[in-house]
Structures are given as structure tokens and as C-alpha cells.
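Given next are the chains, with one letter for each unit.
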Amino acid sequence: MILTLNRMGRGRFVLYAIAGATSAFLLLPVVFIAFLSFGSSQWLQFPPPGWTLKWYEVLFADPRWLASMLVSLKVGLCVMALSIALGLPAAFAIVRGRFPGRAALHAFFISPMIVPVIILAIALYALILKLGLNGSFLAFVAAHLILALPFSVICIVNSLEGFDISVEKAAIICGATRLQAIRRVTLPAIRLGILSGALFSFLVSWDEVVLSIFMASPGTQTLPVKMWTTLRQDLTPVIAAVSTLLIVMTIAVMLVAAFLRRRIAR
Amino acid sequence: MPALVFLFLFLVLPLSSLFLVSVTEPSLGLGNYAKLLGDAAYGRVLFNTFFVAGVVTCVTLVIGYPVAWLLAILPARTAHLLMAAILLSMWTNLLARTYGWMVLLQRTGIINRTLIDLGLINEPLPLINNLFGVTIGMTYIMLPYVILPLHATLSGIDPAIMQAAAITGAKPRQIFWRILLPLSLPGIGAGCLMVFVMALGYYVTPALLGGTANMMLAEMIAQQVQSLLNWGLGSAAAFILLAVTLVFFAIYVRVVGLGKRS
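Protein sequences, first through last, are from chains C and F. So for the first sequence, my numbering puts the first residue at 1; every next one is plus one. So for the second sequence, my numbering puts the first residue at 267; every next one is plus one.
For reference, chain C alone in the conformation it holds in the complex (with noise of 0.2 Å):
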């Protein structure tokens, strides 16, 4: 214990008093917009004058919701897919390759995640406003994949690191070819990290908003951009439900990955 709580006095208790200040600052936009999606005020008055479910109601009552919550979804369980399917081989060649220059290719392939995005938002902005594909999949499954691969290929990398290569090589003594070492033996040992690359890769997706501003086309959006062209209107409530909903699926995405990492150390 670093400087043990009893043994710092009354120090302890500003200590506290920051702890807590911090959690309710944390925590405050967060249990804010919850209440008021069930607040009855079009105008966000808070406390709300009554409490009612209508903004739920709105939202799936507009099919351009519903529209922009179903191309969020497609998109990121296509970005999860090809995410895995690019970060795989590149994993592999990153921890067994054997040729010069294996580092500057692992940089390389997490070298999106230090460009700001805006950057890149516009680079393939002019890419897809040339090639006439603004609005299209494409270009939506394009530019989230780039900001997905480096988590895929760090999570892979990690767990491939961490398995001992001489069982697969086990396996090929024992007259399985290599192939099926790799899928039978190499593939079920890091499962695990494959899985996580795939978790974090569909959420870079279902989140990512500033890439998908600069794809998107009136009629073509993801969830994320219908938000951002709502907010810009105006403050309506029916976004504090949405927000909500997100919120939630946070919450049990945060179980889940705390129920598996315990049954990881088990």
C-alpha cells in the first residue's frame, strides 16, 4: 500500500472528497440524460413536470431510426468479420514471420490509431467523392475498417505472443499437416484474443462517428450520424432515448467482458 489511508490523517478524507467529486462528475451526463429520456418536457426541463415512454414510442416509430440502427448493425459485423479476416494473417506474420523490417510492419499496421481522425475523414472523403461512393456501404465498412484492424491485429498479437509455438509444432510430429495444426491446435489456443479483437472492432464500428459524417450521404446513414445531424438541429428528447439505449447496451457489454475476464482467471 502506498502511503496506507489510515496513516495519511486528515489528508485521507480530501482524498476522498476528490474521489467523489469526480465519480458524480463522471457519472452526471450519463444518469442525467437517462432521467430525462423519461421526462414528458420537449424543452429537457428537469426535474420533468411528469414522466412518460413517448420518446421511446417516437423512435421506433420513425423508420429513418430504425434505417440508421440497421446499417450501424450490417456494417460493424461486416467490419468484425473483415477485421479479423485481414488482422489474422497479419498477426501471424508479425509474431512468426522471420524477415527484416517485422517491426516497422506492426508499426505500420497500428499507425491509424495515432492519425487524428480528421485526417484521415477527409483523405477518403476526396477518395470517395472521386470514386462516386459517398452514402455507399462501401465506403461506411472502408473507413471503419481502418480505425478496427490495429485493434484486431494488437489483440491477436498479444495472444499469439503468449502461445507456446513448439504444441503446434507438437502436432505436426504427431502427422497433422500444418494446416491443421494451425486450425485445430493454434486457433482454439487464442480464441480469446481473437474474440476481444472482434468485440472491440464491432464497437469501433457502432461508435465511430467522425469518419462515418464524412461518408455518409442524406439518404445512406449509421446511427451515430443520424444522432450528430439531429444534435445539430436541435436538442430534442427523443435523442436522450436513444442515448439511453446506448447506455444500457454499455452496461451489459461492461458485464459480460467482467463475467469472462473471471472466468478467464479461474
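Any given hint could be a false lead.
In the SDA-like style, the derived pairs of lysine to any residue whose C-alpha atoms are separated by at most 25 Å in a straight line are [stated by the list, open to error]:
hint	chain 1	residue 1	chain 2	residue 2
1	C	Lys-130	F	Pro-292
2	C	Lys-130	F	Ser-293
3	C	Lys-130	F	Val-278
4	C	Lys-130	F	Gly-295
5	C	Lys-130	F	Thr-290
6	C	Lys-74	C	Pro-218
7	C	Lys-54	F	Thr-374
8	C	Lys-130	F	Leu-275
9	C	Lys-130	F	Ile-506
10	C	Lys-130	F	Leu-270
11	C	Lys-130	F	Asn-496
12	C	Lys-74	F	Val-271
13	C	Lys-169	F	Met-267
14	C	Lys-130	F	Val-271
15	C	Lys-130	F	Ser-283
16	F	Lys-437	C	Arg-10
17	C	Lys-130	F	Leu-494
18	C	Lys-130	F	Pro-268
Incomplete in silico selection of chain F near chain C, CB under 7 Å [said to hold, decoys possible]:
hint	residue
19	Ala-351
20	Gly-467
21	Tyr-469
Hints in this document: simulated from the structure, not taken from any laboratory. For every residue, glycine included, the Cβ atom is placed at its ideal position computed from N, Cα and C.
Position chain F relative to chain C; hints supplied.
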């Protein structure tokens, strides 16, 4: 390797052609860069960007340090709760969080209403559509990115060092200033550089919480390209942002090292 082909087509190629645009439109040469660095209006945008990023970095460090420290010394159960609050805010959809602040900070929002009801102010304060709103929103979003690396560093410090200092007569204040703080410098460096670099290029929060009068760099880039169709100037601004980001990233790599530890 398919990943290599993909990144080449959708990352290297678009970025290189954007660079070409920045030195060829409207005319060949470094005119766009000279204009951006020489003109007072653009200078103001650069100033706003560095100013907000700097303030956000300082504020997140001052708030984040005690929280990271507490995370390291609290009993496990309480620490988990605090960590859950941090992760929940970090993982909640960015637009949802920004929307929350837009509602909280607006003229008729709860903060202004409470202050008026308490009689502290007569007129609503302008909390949004200016750099103040941007700073609040960005501080909120960046806080976890300084707390998490600091927490990693602080919990990695051997408590025996602190005990040794206490046994040999150091007061808590001395232990903090002469042992804990110097030993946590790598975490401070990592967190601050990460927040500063992220804040420099941030688009969503400044665009929604900021005003048109005081823009930041990312907003200006988007505006030049999307509304004004001024591709040359917009892409030159993008490469200035990229160059600054890479410089700070190089410092990050020197201070923290690449990979493994976060």
C-alpha cells in the same frame, strides 16, 4: 498479405494524394502553408487549439492524479466501484455524453437554472457555444485517459520504498513530494501526452459544444473542405496537425516506449 494491400489503398494512397492537393491547389508551392501560419485569423485557430488542449491536459492531471492514487490504495471493493464509474463514462457513446453536456450547459439548462434560483446570478451564463463549453466537455472525455496510465504506474510502485521512507522518519508530505511524485513521473508523462495529442485533433466535442467564433483546428479543416470546398487550405491545415501530432508522438515514444506498457 491482404491487410497490407487494404491499408495501402485506403490509408497510404488517400493521405499521399491529400498531401499533393495541399501543395498544388490552387497553385503549386507552399502557399497554403504560408497562408495558414502567416494569417492572423488562422493563427487564432491554432492558438485556440493549443490553448484548449493545454488547459484540458492540466485540469485532467490535477483531477486525475488523486483519483488514480485512490484507485491504488482503496480497498478492492470500493476501488472496483470507482473504476466502474470511470469505465462506464469512458465507454458510453461519445455523442450521448456530449448531448448530456449540451443539455446541462445550455442557457435554460439545469446549471444556469440552479445558479439563478440560488440568486448567485441574474442572467444565464454563456456556458456553451464557446471555449468554456469545449473545455468542460473535453476534460470530461479525456479524464479516463489520464487516470488509467497513472493508475498503472502508481500501483506498480513498490510500497516497501514508501515504508522505508516512513520508518526513517519522513512525513507523509515529504513522502509524496520526494518519492511518490518523482516515481510516478512516467505515468504523468504518458497520460498528459496522450490527452494533449488527442485533444489537438478532436472534432466532435468542439463542433457541438463550441461556437463559430472560436474554432479549433479540426473544425476548421472540416469547414474548409466541406462548406468552403477549399481543399488546398484544408489539407495543408490537416498536414500541420499531422506534423504536430507526430512530433508529440515521437516524444511519447521516447518517454514511455512503444507497446506493452500503457
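Taking the hints in turn, this is what the structure says about them:
1. Simply put, Lys-130 (chain C) and Pro-292 (chain F) have alpha-carbon atoms about 18 Å apart, close enough for the 25 Å limit, and the pair holds.
2. Distance restraint check for Lys-130 (chain C) and Ser-293 (chain F): the Cα-Cα separation of roughly 20 Å lies within the 25 Å cut-off, and the hinted pair is therefore satisfied.
3. A C-alpha spacing of about 16 Å is found between Lys-130 (chain C) and Val-278 (chain F), which places the hinted pair at or below 25 Å, so the restraint holds.
4. Between Lys-130 (chain C) and Gly-295 (chain F) the alpha-carbon distance is near 23 Å, which keeps this suggested pair within the 25 Å criterion.
5. Taking the CA atoms of Lys-130 (chain C) and Thr-290 (chain F), the gap is near 17 Å; set against the 25 Å cutoff, the hint holds.
6. At roughly 18 Å between alpha-carbon atoms, Lys-74 (chain C) and Pro-218 (chain C) fall within 25 Å of each other, so this suggested pair holds.
7. For the suggested pair Lys-54 (chain C) and Thr-374 (chain F), the alpha carbons sit about 22 Å apart, so the restraint of at most 25 Å is met.
8. Distance restraint check for Lys-130 (chain C) and Leu-275 (chain F): the Cα-Cα separation of roughly 14 Å lies within the 25 Å cut-off, and the hinted pair is therefore satisfied.
9. For the proposed pair Lys-130 (chain C) and Ile-506 (chain F), the alpha carbon gap of about 24 Å is at most 25 Å, so the pair holds.
10. Among the hinted pairs, Lys-130 (chain C) with Leu-270 (chain F) is consistent with the structure: their alpha-carbon atoms are about 22 Å apart, no more than 25 Å.
11. For a cut-off of 25 Å, the pair hint linking Lys-130 (chain C) to Asn-496 (chain F) stands: about 16 Å separates their Cα positions.
12. For the hint pairing Lys-74 (chain C) with Val-271 (chain F), the CA-to-CA distance comes to about 23 Å; that is within 25 Å, so the pair holds.
13. Proposed proximity of Lys-169 (chain C) and Met-267 (chain F) is supported: the alpha carbons are some 24 Å apart, at most 25 Å.
14. Distance restraint check for Lys-130 (chain C) and Val-271 (chain F): the Cα-Cα separation of roughly 20 Å lies within the 25 Å cut-off, and the hinted pair is therefore satisfied.
15. A distance of roughly 12 Å separates the Cα atoms of Lys-130 (chain C) and Ser-283 (chain F); the hinted pair therefore holds under the 25 Å criterion.
16. For a cut-off of 25 Å, the pair hint linking Lys-437 (chain F) to Arg-10 (chain C) stands: about 13 Å separates their Cα positions.
17. With a C-alpha separation of about 18 Å, the suggested pair Lys-130 (chain C) and Leu-494 (chain F) falls inside the 25 Å cut-off, and the hint holds.
18. For the hint linking Lys-130 (chain C) to Pro-268 (chain F), the alpha-carbon distance of about 23 Å falls within 25 Å, and the restraint holds.
19. Annotation: Ala-351 (chain F) was flagged as interfacial toward chain C, and the flag holds, the nearest CB pair being 4 Å apart, inside 7 Å.
20. Because the closest C-beta pair between Gly-467 (chain F) and chain C is about 3 Å apart, less than 7 Å, the hint holds.
21. At its closest, the beta carbon of Tyr-469 (chain F) sits 5 Å from a beta carbon of chain C; the interface hint therefore holds under the 7 Å criterion.
In the structure shown, no violation is registered for any of the earlier numbered hints.
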